[in-house]
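Chains L and E, in that order, are what the protein sequence lines are. In this text, residue positions in the first sequence follow the numbering used here: the first is 441, and each later residue adds one. In this text, residue positions in the second sequence follow the numbering used here: the first is 441, and each later residue adds one.
I should point out that these hints are in silico values taken from the structure, not numbers from a laboratory. There may be inaccurate statements among the hints.
You can't tell identical chains apart in this list, so a pair holds if it fits in one copy or across any two.
[What the hints assert, rightly or not] Pairs of lysine-lysine, BS3-like flavour, derived with a Cα cap of 25 Å:
{"#": "1", "residue 1": "Lys542", "residue 2": "Lys670"}
{"#": "2", "residue 1": "Lys509", "residue 2": "Lys558"}
{"#": "3", "residue 1": "Lys661", "residue 2": "Lys637"}
{"#": "4", "residue 1": "Lys654", "residue 2": "Lys542"}
{"#": "5", "residue 1": "Lys558", "residue 2": "Lys630"}
{"#": "6", "residue 1": "Lys689", "residue 2": "Lys661"}
{"#": "7", "residue 1": "Lys689", "residue 2": "Lys558"}
{"#": "8", "residue 1": "Lys630", "residue 2": "Lys500"}
{"#": "9", "residue 1": "Lys500", "residue 2": "Lys560"}
{"#": "10", "residue 1": "Lys542", "residue 2": "Lys599"}
{"#": "11", "residue 1": "Lys509", "residue 2": "Lys542"}
{"#": "12", "residue 1": "Lys670", "residue 2": "Lys560"}
{"#": "13", "residue 1": "Lys542", "residue 2": "Lys628"}
{"#": "14", "residue 1": "Lys542", "residue 2": "Lys560"}
{"#": "15", "residue 1": "Lys558", "residue 2": "Lys500"}
{"#": "16", "residue 1": "Lys654", "residue 2": "Lys637"}
{"#": "17", "residue 1": "Lys628", "residue 2": "Lys599"}
{"#": "18", "residue 1": "Lys637", "residue 2": "Lys560"}
{"#": "19", "residue 1": "Lys661", "residue 2": "Lys558"}
{"#": "20", "residue 1": "Lys542", "residue 2": "Lys500"}
{"#": "21", "residue 1": "Lys558", "residue 2": "Lys542"}
{"#": "22", "residue 1": "Lys630", "residue 2": "Lys509"}
{"#": "23", "residue 1": "Lys661", "residue 2": "Lys560"}
{"#": "24", "residue 1": "Lys509", "residue 2": "Lys689"}
Predicted model only: the values in this text are computed from it and were never measured.
There are 2 protein chains.
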Amino acid sequence: MYAIALIGSGNLAWHLGQALYQSGNTITEVFSQHWENAQQLATILGNADPKTDLDFSQSKAQIFFLAVKDDVLERVIAALHLPNHAILAHTSGTQPLEIIQKQSISPAVFYPLQTFTKAKQVNFAEIPICIEATDEQTYQTLEQIAQSISTQIDRLGSKQRQVLHLAAVFSCNFSNFLLTISKEILEKEKLSFDLLKPLVNETIAKAYTISPAKAQTGPAKRGDNQIIQKHLTLLEEMQIDENWQEIYKQMSEAIMNFYTDSKH
Amino acid sequence: MYAIALIGSGNLAWHLGQALYQSGNTITEVFSQHWENAQQLATILGNADPKTDLDFSQSKAQIFFLAVKDDVLERVIAALHLPNHAILAHTSGTQPLEIIQKQSISPAVFYPLQTFTKAKQVNFAEIPICIEATDEQTYQTLEQIAQSISTQIDRLGSKQRQVLHLAAVFSCNFSNFLLTISKEILEKEKLSFDLLKPLVNETIAKAYTISPAKAQTGPAKRGDNQIIQKHLTLLEEMQIDENWQEIYKQMSEAIMNFYTDSKH
Chain L
441 MYAIALIGSG
451 NLAWHLGQAL
461 YQSGNTITEV
471 FSQHWENAQQ
481 LATILGNADP
491 KTDLDFSQSK
501 AQIFFLAVKD
511 DVLERVIAAL
521 HLPNHAILAH
531 TSGTQPLEII
541 QKQSISPAVF
551 YPLQTFTKAK
561 QVNFAEIPIC
571 IEATDEQTYQ
581 TLEQIAQSIS
591 TQIDRLGSKQ
601 RQVLHLAAVF
611 SCNFSNFLLT
621 ISKEILEKEK
631 LSFDLLKPLV
641 NETIAKAYTI
651 SPAKAQTGPA
661 KRGDNQIIQK
671 HLTLLEEMQI
681 DENWQEIYKQ
691 MSEAIMNFYT
701 DSKH
Chain E
441 MYAIALIGSG
451 NLAWHLGQAL
461 YQSGNTITEV
471 FSQHWENAQQ
481 LATILGNADP
491 KTDLDFSQSK
501 AQIFFLAVKD
511 DVLERVIAAL
521 HLPNHAILAH
531 TSGTQPLEII
541 QKQSISPAVF
551 YPLQTFTKAK
561 QVNFAEIPIC
571 IEATDEQTYQ
581 TLEQIAQSIS
591 TQIDRLGSKQ
601 RQVLHLAAVF
611 SCNFSNFLLT
621 ISKEILEKEK
631 LSFDLLKPLV
641 NETIAKAYTI
651 SPAKAQTGPA
661 KRGDNQIIQK
671 HLTLLEEMQI
681 DENWQEIYKQ
691 MSEAIMNFYT
701 DSKH
């Protein structure tokens, strides 16, 4: 069990903090730019100390998790003062390990691959945690912590983590937006999004069972230009965002290219 | 219980035929252009008659389900001879009811909203069945049949069904292809697609719970151009299909437009 400080109080810090606390670690401090946010999270983590400044030189924490938004990351790192020998781990999918190497002799990355919202509970045990560290002892310490909250730990380098994050943007962020487009289209015709849920569920289940490349169906896969044209006309008539027509065209073209390629 | 003929032996006919047969209906004939296919399906449907010609004028069937691919649909319809008073229902998401109105005095549409693959069992009870008919008696007959195999029946006009199919292309066909892109990107870095499964599952669960528009996360949602540029560079370096870079750009742009719009 470790003494841990959390730098950040957003969605990730909120869930990670609770998982760490519930698995027996001591949370020493919680930093946020906003006092109320720091206090709110610190309170539920066994009355840790809330902080709005970044001077941790007197902290008892052995490990510091940096979980602030990418756009304030640089500013927070620049202002950070840690005790000697403390491990500092950032939690970003895209930032390289190097961004924190001046702040700690044991810089590391501890990236839980999940989408977090405060209002929604997540089961941390199922979340893959990707770890990167420059020295073996730091890696092992973070691996121990990861094992106390999750069952899937992966050691990834910065490049691999970036590619993983990129893949997640496609399969999660973009897929989610396709659901938004679907829902908006349905609502224009007073149809419920619920109608599509069994189909969406089966699509995901099938992609897992037989691989998404083998599971592909639809007009573009069949090369059915008649239906594709009908759909483009329909999108035009519905007077929706022009970007969505472009997405329809781009996706259809990409699917047709992929399946005319002899490999698939 | 009804006497039913199946025109087609593909993925949909395969699953629909079994659901109809198992719920107590009699399957009289199974048509396929290929004798073996007709025979294979006819056999498991209580030894129905396999057929490779479209003369059903002597058939005992009360209802004919037309479940052939869209690209042979016109040819099959033109050659079709049915008994007087038989109901003919096509099963296409995009074709209007009118395409079969010359073949039957009771033309209808019976559209199960699902993706079918022979090798994968589906639970028909959870599949929404969308029905359209021009007369009330035909509608009620088809509704009865639908109720014997599913718990969700919806009466939709041709326009609504087309929009539903269009929405399904976005949220299922295109989402599935995004999973393919993800998997290919991961494999270039020797990473397993399994890593992403918890994140994909949570993305879908969250979209259902709080709506996809509210659940959106990622660089485009945050307007994080630095990460977007990094990802585009990474895609460039990976030398993958150029269409995928275009998809990344289009999707990101569409997400940014959607969220700068004051409504969301």
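* Under a CA distance limit of 25 Å, which applies to Lys509 and Lys542: within one copy, between copies, both, or neither? -> within (19 Å within a copy, 63 Å between copies)
* Intra/inter-copy verdict for Lys654 and Lys542 if alpha-carbon distance must be at most 25 Å -> neither (47 Å within a copy, 37 Å between copies)
* What label fits Lys509 with Lys689 when the C-alpha limit is 25 Å: within, between, both, or neither? -> Between copies, since 22 Å is at most 25 Å while 34 Å is not.
* Copy assignment of Lys661 with Lys558, given that the CA separation must stay at most 25 Å -> Classified as between; 17 Å across copies, 39 Å inside a copy.
* When no copy is named, should Lys670 and Lys560 be tagged within, between, both, or neither for a Cα gap of at most 25 Å? -> For Lys670 and Lys560, the Cα distance exceeds 25 Å both inside one copy (39 Å) and across copies (30 Å).
* Pop the pair Lys628 and Lys599 into one bin, within, between, both or neither, using alpha-carbon distances up to 25 Å. => Close across copies (11 Å), not inside one copy (43 Å); limit 25 Å.
* Can you tell me if Lys542 and Lys560 fall within 25 Å by alpha carbon in one copy, between copies, both or neither? -> Result: close neither inside a copy nor across copies, 35 Å intra and 54 Å inter.
* **Intra- versus inter-subunit Cα pairing at 25 Å for Lys542 with Lys628** => neither (54 Å within a copy, 32 Å between copies)
* From the Cα coordinates, with 25 Å as the cut-off, is the pair Lys637 and Lys560 best called within, between, both, or neither? -> Both ways: Lys637 and Lys560 sit 20 Å apart in one copy and 18 Å across, limit 25 Å.
* To do: First find the shortest C-alpha distance between Lys558 and Lys500 inside one copy, then the shortest across copies, and answer within, between, both or neither for a cut-off of 25 Å.
  => neither (27 Å within a copy, 61 Å between copies)
* Is it within, between, both or neither when you check Lys558 against Lys630 at 25 Å Cα-Cα? -> For Lys558 and Lys630, neither the intra-copy (31 Å) nor the inter-copy (33 Å) Cα distance is at most 25 Å.
* Asked: For Lys661 vs Lys637, is the C-alpha pair at or below 25 Å within one copy, between two copies, both, or neither?
  -> both (22 Å within a copy, 24 Å between copies)
Of the hints listed earlier, those the structure fails to meet are numbers 4, 5, 7, 8, 9, 12, 13, 14, 15, 21, 22, in rising order.
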